[in-house]
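J.: Residue numbers (my numbering), protein chains in the order written: chain A, 8 to 120; chain B, 5 to 134; chain C, 25 to 274.
If you are wondering where the hints come from, they were derived from the structure by calculation, not from laboratory data.
Every residue gets a Cβ at the ideal spot worked out from N, C-alpha and C, and that includes glycine.
Please note that the accuracy of each hint is not assured.
[Said to hold, decoys possible] With a Cα cut of at most 27 Å, we get these calculated DSSO-like pairs of lysine-lysine:
(1) A:K10 x C:K144
(2) C:K150 x C:K169
(3) C:K150 x A:K10
(4) C:K29 x C:K69
(5) C:K153 x C:K169
(6) C:K141 x C:K161
(7) B:K96 x C:K169
(8) A:K10 x B:K96
(9) C:K153 x C:K141
(10) C:K169 x C:K141
(11) C:K71 x C:K29
(12) C:K152 x C:K141
(13) B:K96 x C:K141
(14) C:K169 x C:K144
(15) A:K10 x C:K141
(16) B:K96 x C:K144
[Unchecked claim] Chain B side only, calculated, beta carbon under 10 Å to chain C, not exhaustive:
(17) P9
(18) L10
(19) A97
Read off the chains here:
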Amino acid sequence: MAKSHKPVVWFPFAAGGTVIAFCIPVIVVLTFLAALGHVPSGLSYERMHAFAGSGLGKLIIFGVLALSLWSSAHRLRCTFYDFGVRADTLVATVLYVAAIVASIASALFLLRI
Amino acid sequence: MSRNPLVREVPPTTWFFRHPRYLRYMSREITCIFIAAYCVMLVVGLQRLAAGPAAWDGFLLALRSADSIVFHLLALAAALYHAATWFNATQKAMPIQIGEDFVPGSVISGAHYVAWAVLSIAVLYFAGAF
Amino acid sequence: MTPLKERLVQLEVLRYNPDTDTEAHFQRYEVVCQEEWVVLDALNKVKADIDPTLNFRWSCHMAVCGSCGMMINGEPKLSCHAFLRSYEGVIRVEPLAHFPIERDLVTAPDDFMEKLKRVKPYIIPKEKKPISEGEYKQTPAQLMKFRQYSMCINCMLCYAACPEYGLTPDFIGPAALTLAHRYNLDSRDGGRLARQEVVATHEGVWDCTFVGACSEVCPAHVDPASALQQMKITSSIDWIVEHLIPGGKS
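Can you make the complete structure from the sequences, with help from the hints?
T.: Following this line, the structure appears as structure tokens:
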């Protein structure tokens, strides 16, 4: 029985789970305010553009998105198994590739700002 | 004496209805669906931000629908449930021993809640939410 | 002294006779019990007065030996620790989930026993020293580090609670992995890398999705879920040292 390479996918899952717990609720509140018609001043084009234009801002946005996406993809993979879908390799490949594609897309958008 | 043990299979698609704690576990796990969908929405927002002021304002305007409000409520509930389960788990994953005794788990999880509250209020403040 | 209060208890017990049955079935018993009794007492009363063919395991009657684990109203419990006053109506008693039924409430623990051996649940000394050099000493703090994980009574309730073990029977499972953790944390032990050959596999900690049911049902408050989470972290650090750090030992 060989040792597993699961840490490759689990470590970013654990990091992402922490990022989701700390960051996603407050971000949801911000866009929720916008959805209710009370756009916070920080979500104006000027301020968002300035934030996403800075090096630190790019790093934070990319870090939060990439890790949250990966963590969700990994958890969804386990959930498929729990729901009785046994094609784990296929499920894992599709979900991880989707997370990577979305992360690359956000990196490209960030570089355009 | 010969043995003839009876093996009982676990139903692979309905096992989680057997006990409330399994339903709690599954609800924790499916929070990831709403988190993932919300993150995809953020990626779209990033694309709109890169496309210029008109596109960004269009994105913000598009958020103002009944569907979007319902989705935000679901995503918020999912994110909060995830956060609570995650912080409660930290005391199990990372116990801290000082001398002979372990720091009470409630202190470790409590510190996470405090840090989370401070961070969230700071973000809301800097984003001009109040 | 006030007389003990009596109560007519209805039990629904899963029966299976390996010599004649192809399926298990429920049998209803009505038995007069004392209000203070536990489910195991009620079963013993049934066996003594009503049906001597009923089979179940028990020994100490004080939540120490770990023999009398059963599903009571769907919950893995030590039947000597399940008080009748906690239950209303018919009490449903079944053999521990996820294990094959040997006969009636007796399950076959072979799989658990085999897994227990595989994790090397004993001290593998860092360096062997002759008896003349004296004992391996340990401070109270070093003892406290693993003490909780040494309290396991091998009752297998955690296996009956763990859905991942039910779905993936190859999973080494909560109690055996926790015992590996107990020895890994022992200051006198040097066997962690040997145990990692089992712990760090797919069937080891990586089949655990942290449902947490094991810790909820553990009668000895061992908290296997925490042990497995900690082992996932150390196994991940091992992997990084092994694969990403040049010269990192395997």
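J.: Against the structure, test the hints numbered earlier, and report the numbers of the ones violated in rising order.
T.: Of the numbered hints given earlier, the structure breaks none, since each of them holds.
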